[in-house]
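Could you build the full structure based on these sequences and the hints that come with them?
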Amino acid sequence: MDFFSQLAKVFGAQTTGKKLGLLTAAAAVVAGFFVVFQLTNQPRYATLYAGMGADDAAMIVDALKEQRVDYHLSHGGTAIEVPDAQVYELRLALASKGLPRGGGVGFEIFDESHFGKTEFVERLNYQRALQGELARTISGLSQVEGARVHLSIPEKRLFSDRDEQARASIVLSLKPGKTVSRGEIDGIVHLVASSVEGLDAQSIVIVDQRGKPLTSTEGGDSVAGGGGSMLEFQRRIEGDLERRIESLLAPAIGPGKIIARVTADIDFVQTETTKELFDADNPVIRSEQRTEESRTGETASAGGVPGSKPESGGAGEGAGGSASTSLRETINYEISKTVNRVVAPRGNVKKLSVAVLVDGTYKAASDGGAEMEYTPRGDEEMAKLTALVRKAVGFDERRGDQLEVLNVPFEKPEAIAETEGLADARLRALAFEIARYAGVAVLILLFFIFVVRPGMRFVTSPSTYLPEDERPQELPEGGQIRQLQETLTKQLAEVEDQGAKISEEAVSLARDNPEVAIKIVRNWLDGR
6 MDFFSQLAKV FGAQTTGKKL GLLTAAAAVV AGFFVVFQLT NQPRYATLYA
56 GMGADDAAMI VDALKEQRVD YHLSHGGTAI EVPDAQVYEL RLALASKGLP
106 RGGGVGFEIF DESHFGKTEF VERLNYQRAL QGELARTISG LSQVEGARVH
156 LSIPEKRLFS DRDEQARASI VLSLKPGKTV SRGEIDGIVH LVASSVEGLD
206 AQSIVIVDQR GKPLTSTEGG DSVAGGGGSM LEFQRRIEGD LERRIESLLA
256 PAIGPGKIIA RVTADIDFVQ TETTKELFDA DNPVIRSEQR TEESRTGETA
306 SAGGVPGSKP ESGGAGEGAG GSASTSLRET INYEISKTVN RVVAPRGNVK
356 KLSVAVLVDG TYKAASDGGA EMEYTPRGDE EMAKLTALVR KAVGFDERRG
406 DQLEVLNVPF EKPEAIAETE GLADARLRAL AFEIARYAGV AVLILLFFIF
456 VVRPGMRFVT SPSTYLPEDE RPQELPEGGQ IRQLQETLTK QLAEVEDQGA
506 KISEEAVSLA RDNPEVAIKI VRNWLDGR
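Every letter in the sequence shown is one number past the one before it in my numbering, and letter 470, counting from 1, is 475.
Be a bit skeptical, because a hint or two may be false.
Computed list of lysine-lysine pairs in BS3-like fashion (alpha-carbon distance at most 30 Å, straight line) [what the hints assert, rightly or not]:
#1 356 <-> 217
#2 389 <-> 355
#3 355 <-> 280
#4 122 <-> 161
#5 356 <-> 396
#6 102 <-> 180
These are calculated hints, taken from the structure and not from any lab test. Given the structure is predicted, the values throughout are model-derived calculations rather than measurements.
In structure tokens, the structure reads:
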């Protein structure tokens, strides 16, 4: 209580202006602490769901209102933020209610039975449920942010010869910077075709959020059906190569910072080549025939030639013999022959022309303006990107392929602007958090400097409080300066008289007690 009483006395001794200043400072400190308390105790919000349709957002908002949960809407009403401590609990609670429904109602529509429904309503509810379930399944793909499925299922008629085909239309909302490959589109087509009775894959149309068709409208992958299918086949090859380039470079330089266009020269002429190769150096025996004959016999003699004498000696007269052997061999040779029949299929790529635009980098302007300063990419980096594009498209110089990769500044597309907007929002939230805690630190520092520190000085310093009769008095109104001078002169004379008396007493003390006086003087000289 001694401290507060002294503080009250000091406050009471101040002038009116100083009192008002102290009260204002105290009120400012209290208000500052109140604001800091409110800011520090304000809950932090986290995203509960994002990218929702209007129906899902409305139902989730109603559910949050029923539970009396604070929420914020952001990104045009497609995202809902709640206190971060309640995110997972609310997701479980909403999931138990079947929310969000992913853009449409699913088979939970049949969880509640209602009497009196007509067959038409039941059939319509089944179609709605099937559409909703397919949309949820497709939305689960990593590249897809949302999907809408529209089915046209004809009614079966007993006495009708016409067999109408079911049809389906799908709208895909892709995530910023994401693309879907041809294989993924085919997978979605087969998924929907297998889920709907009587639906053929050729009756399914898929477009993206910009209305770009992602499926073939000609039907079939064969290029033998005429000019339309040939053109579609060419476009499919070109689109596949473009997606290869963009999906390869996008992770390195950022989504939306590359544009690739490919023109493919396709050979649609089917050729057949037959070759017969003969090998004369290595003949092959086709057939071989060998015949061998031997003859043995005796020959009678007529006594010789007339007019001549017979020779003496020999085998004997009247007796003679002969023997003969014949060999006949026939060999037929066949020359080796190889027949090659080559059928070149349609759709061979004869030549590729590839054009790629690559955006540069951006940094804050040196003058501190809002516009970002463009910086082109270096030659070494562009050479690496060009080499990657060559590998991605299978570049072949012998085929006469052409490739051009240019570095030019891009206008910000919608996807990049949205991504940068989200990044700016996160930065603003982070800056707000930093500023909030920095403000708390500054207020604490100011409180210590202007309140705690002076208070500590007041407590530790000797009391400077003066009684009422010793305080300086103000001059009365109309007072005479002469009277004031006389009063001051009288008081000074009294002080001088007191000083003279003290001097006389000191001299008398030194005269009576010289040893004590010498000791006091020595202490003064020693600084004690």
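Taking the hints in turn, this is what the structure says about them:
1. 356 <-> 217: The hint holds at about 26 Å.
2. 389 <-> 355: holds, 26 Å
3. 355 <-> 280: holds, 23 Å
4. 122 <-> 161: holds, 19 Å
5. 356 <-> 396: It holds: about 15 Å lies between the C-alpha atoms, which stays within 30 Å.
6. 102 <-> 180: holds, 27 Å
Checked against the numbered hints above, the structure violates none of them.
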